[in-house]
Each structure stands twice: as structure tokens, then as C-alpha cells.
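Participant: Below, each chain spelled out in residue letters.
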Amino acid sequence: MLLDEIKSVLSFAAFKADPDDSAVPWNKRFETRKSLLINVSRSAVSWRSINKRGRFEEAGVMDSELGDAAAQRGEEWRGMAEGGWCSVSVNHRFIISLENNLMRGDNCVSLLRTNPRAVLGPKYDRGKRYAICHHPETTASLLLAVEESLVKVTEDTLKNIQLKPGRVCCGLFAMLEHAILSIYRASSGGTPSDFVLIAACEGSLAVLVQQEGQWRDIRCRSGLGPEAVETALQIISPLLAKVPQGSPVYFVGDGHDNKFRTELMLHLEKVGAADLTQDDLLWTIIGEH
Amino acid sequence: MNEYLCHDFKTPRVDTSRRLPSSFRAIPIIFYVALVGSAYVMTMDYFNYKAALKQKTDAEERQKISEGKTESLKNEKASLEAEATKAEKVAQWMEGARNIQPIAVKIARAVQTDTRITQVALERSEQVPANIALTIHLNGSKVSTELAAIEASLGQLLYRSYSPQQTKNGDVVEYHSTLVRQAE
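Sequence order for the protein chains is A and B. Be aware that the first sequence starts at 1, since it is given in the working numbering, and climbs by one per residue. Be aware that the second sequence starts at 1001, since it is given in the working numbering, and climbs by one per residue.
These aren't lab readings, by the way, just hints derived from the structure by calculation. You may find that some hints are simply not true.
Estimated spans, in silico, between C-beta atoms of each pair [to be verified]: (1) F56(A) x M1044(B): 49 to 57 Å; (2) T1043(B) x S11(A): 19 to 27 Å; (3) K1064(B) x S11(A): 54 to 62 Å.
Per the computed footprint, the stretches of chain A lying under chain B, defined by three or more beta-carbons under 8 Å from a beta-carbon of chain B, are [unchecked claim]: (4) 123-132; (5) 139-151; (6) 159-168; (7) 173-181.
Glycine is no exception: its CB is placed at the ideal position from the N, C-alpha and C atoms.
Using the sequences plus the hints, can you model the full thing?
Facilitator: Encoded structure:
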């Protein structure tokens, strides 16, 4: 044991981030190492591997639950991940809500994982795991709550096939966070006071409305199939009506089936929506950041 | 705004220790620098040791040659010194050796006519050439007076009789003494 520690210091491994160190971006944790990215939706599992040079390689999708996919693809996944480490995106059984005056601070993120009650107070629910995205300019925050049982089942399922989850996140929430940050970064001259942000990821949808510089409403839904464009429009339309005409509408979406995204954009283009989607956006967010 | 970092709500591990601070990277860096430095010093020491060994061998060879030369010089010096000693002795002997003709003349003149000298012998000492063994055989009535006169006349030549002995053998008195040259 002592020899291993000495070896890790002399090889500088002791100074590298642990594969499951959530304070370090994924690509820094796995420099020159292969890793696997998995996205779990209600009825489909998709995956992508990252090679030693940090480039995306093999991709795949399977229309089944995670347990079945893991049983069939376990060996293939193990070959894609060095040391069995993978980043998992869970895209169902979650709720995103709008909160105000939540604790902010450097240690808030780690405290939310270790002692969520200290951050959320009475809003804390024992059976949930949380993540927060703060409004950059106001006291509003987006609060993601995921079923803890789902997280544990996902972790156990992966452990059963000798995979180690280095990160468990919500792909839709991550895309939403990333898009919010991109919008605020892009508009350095002044953030639009009114906008609608629509995020879609592998059958999950979230719509955020900002009015007069304040986040006013958030709606989310998971488990939408590729044909559920109408359902999505039913969620989006009332929120679009809340902002003045001509307000920016942003859309980010990713998924193995582009049909949903394309059809939705056809409708959104009518209200001048800007598509912020980039190639492999979900994988880029959970595999690099 | 900071760089975006994706959220994470996985079950935290309990068996992890804190990552070492970045400043501790100095430890392995110092270790490797020390390792390289030691290797360099050891390599240089090895080459210096080899060079020193060669220098030592060369020095030993030079020492042997010098010792040989010194030995031959010593022998030469010893032989020269021996020759010098011999020469000095010869010189001393030559310096100590004085003419004996004046002694014979003085002896002859000191003796009266009625006393006969039957034998006179002057033998120079080999070791001390300044000393001369004198043997005189006298025949006469006043031998003692004659011998005193001889000693007195030899005294004029700065010779002094040392341990004189007289023996009478019939009419002949045999006189033996060693003439020692007195310092002037």
C-alpha cells in the first residue's frame, strides 16, 4: 500500500484528478485515457466512446431499458472505457423547478451533494438528488431533482457489468445550463430581458421563460417519443405567449433521432427561433465539461 | 463567468482521500532532479576515478624512474665522497709529512766526536705522518748527555720526544722514542 502511494507520487498520478472528482472537467480527468459516455432515457440507451486523444469514436443506441442494454452491451462498453469509468446522463424521472434565494457560494455545489438539506432547507426531499443552476444576474435558480432510487439503480446496474460511473448527471439539465451560459456569454453588450429557451434531449423537453430579466417559468417533460412534436408544442406554445412578440427564442436539442428536432424547429422557425444546437452537443457537454 | 462545469449527483465515494496539493509536485520533481544529479555526479566520479587511477599509475612510474635516478645519484655521490675522503686523507698525510733530513742533520750535529752512532732509524707513522719513530743506537761514555743534546736540538725543530726508552745492550745504548711535531 505504501509502495503504491510512493509510486503514485513519483509518477505524478497522485496529483491527477480522481476519475470521479466532480470538481474537475471530464476531459481533464481522462487525459490520454479512454472513457465512455452513456445517456439513459426512459426507453432507450445511447452511448459514445472517447478515445485517448479526447475525440469521439464509437457510438450506439439501443431501444431498451438500461438493465437490458447493460446485459447485452456490457462487454462492448467495458472495452470502450479505460478502468471502466463512464459518464452517465439520466434523462427521465426528474423535475426542474424555479426557486429563489437559494444559497450560493463556492462550496454550494459540493454541499448540495453531501448535505443538500443545508442548501435547500425545507425544500429538501429525502428521496431526491439535486443540482442547481443559478441565474447569473438575479437570485433565481433552476433546481433539478432526480429520483435517488433511479440514480442508485443506474449506478448498481453499471457496477454489475464492472463499469464505474465517474459522473451521473441529467443531460437535459446540462444542456439547459450550457445554453444559459452561452446566451449570457454571447450577449456581453446586454442580455435580452425577455427570451424563451427550449432544450430537448433524447425525448426530454424543458422550456425556460425569462421576462424583464427574471426567470418566470420553467416547464419540463420526459419520455417524449420522436413523434411527440404536438405534445411538445402544447408545452411550448403557452410559454411563447408569455413573452412579447419578437423576443428571442433559443433552441438546443440533441438526440439520435433528428426527426423530433427537425419537425420542432419547423414550427419554432415561425417565431424566429435560433438553433444553438451543435454536433454531438450532449456528448460534448458531458464528455468535455 | 467561470468555465462551465457539468453538474454531478452520483453517490459520493467514502473511501477517497484528498488529492495532494499541486505544490507537492515539487517532491517528485526534486526526487528526479536529485536522481539525475546523483547519476551525473556518480558518472563524473567514475570517470574522475579512472583518470585519477591513470594519473596514479603514471605518477608511480615517474616515482620509480626518479627513485632509480636518485639511487644511481646516491651511489655516484657515495663513490665521490669515498674518493674525496681518500683524497682528503692523502692530503692530510701529505700535509703532515715533513722532511726528515733536518732531523738527521740535527742528530748528527748534536753528537760529540767521541760518541759513535751505530744506527739511526727514522720511520714515519703511516696513520699519523707527522709522528716519526726514532731509533738510535749509541756507543760512548756520555750517552745520556748526548741523548739530552739530541732531544734539545730536535726541540729546535719543534719535535718533542714522546715516551722515550733507553735500553743498554752491552756498550750500545738503544734509544727509542716517537717524535711528535709541536704546533707552531
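Participant: Run every hint past the structure and note whether it holds.
Facilitator: Each hint tested on the structure:
1. For the pair F56(A) and M1044(B), the beta carbons lie near 51 Å from each other, so the given range of 49 to 57 Å is met.
2. Taken as a hint, the range 19 to 27 Å holds for the pair T1043(B) and S11(A), whose Cβ atoms sit roughly 25 Å apart.
3. Range check, K1064(B) to S11(A): Cβ separation about 56 Å, and the 54 to 62 Å hint holds.
4. Using a Cβ-Cβ cut-off of 8 Å, 4 residues of the region 123-132 of chain A lie near chain B, which meets the minimum of three, so the contact claim holds.
5. With 3 residues having a beta carbon nearer than 8 Å to a beta carbon of chain B, the region 139-151 of chain A meets the requirement of three or more and the stated coverage holds.
6. Proximity of the region 159-168 of chain A to chain B, defined as three or more residues with a beta carbon under 8 Å from a beta carbon of that chain, is established by the 4 residues found.
7. Beta-carbon proximity to chain B at under 8 Å applies to 5 residues in the region 173-181 of chain A; the threshold of 3 is reached and the given coverage holds.
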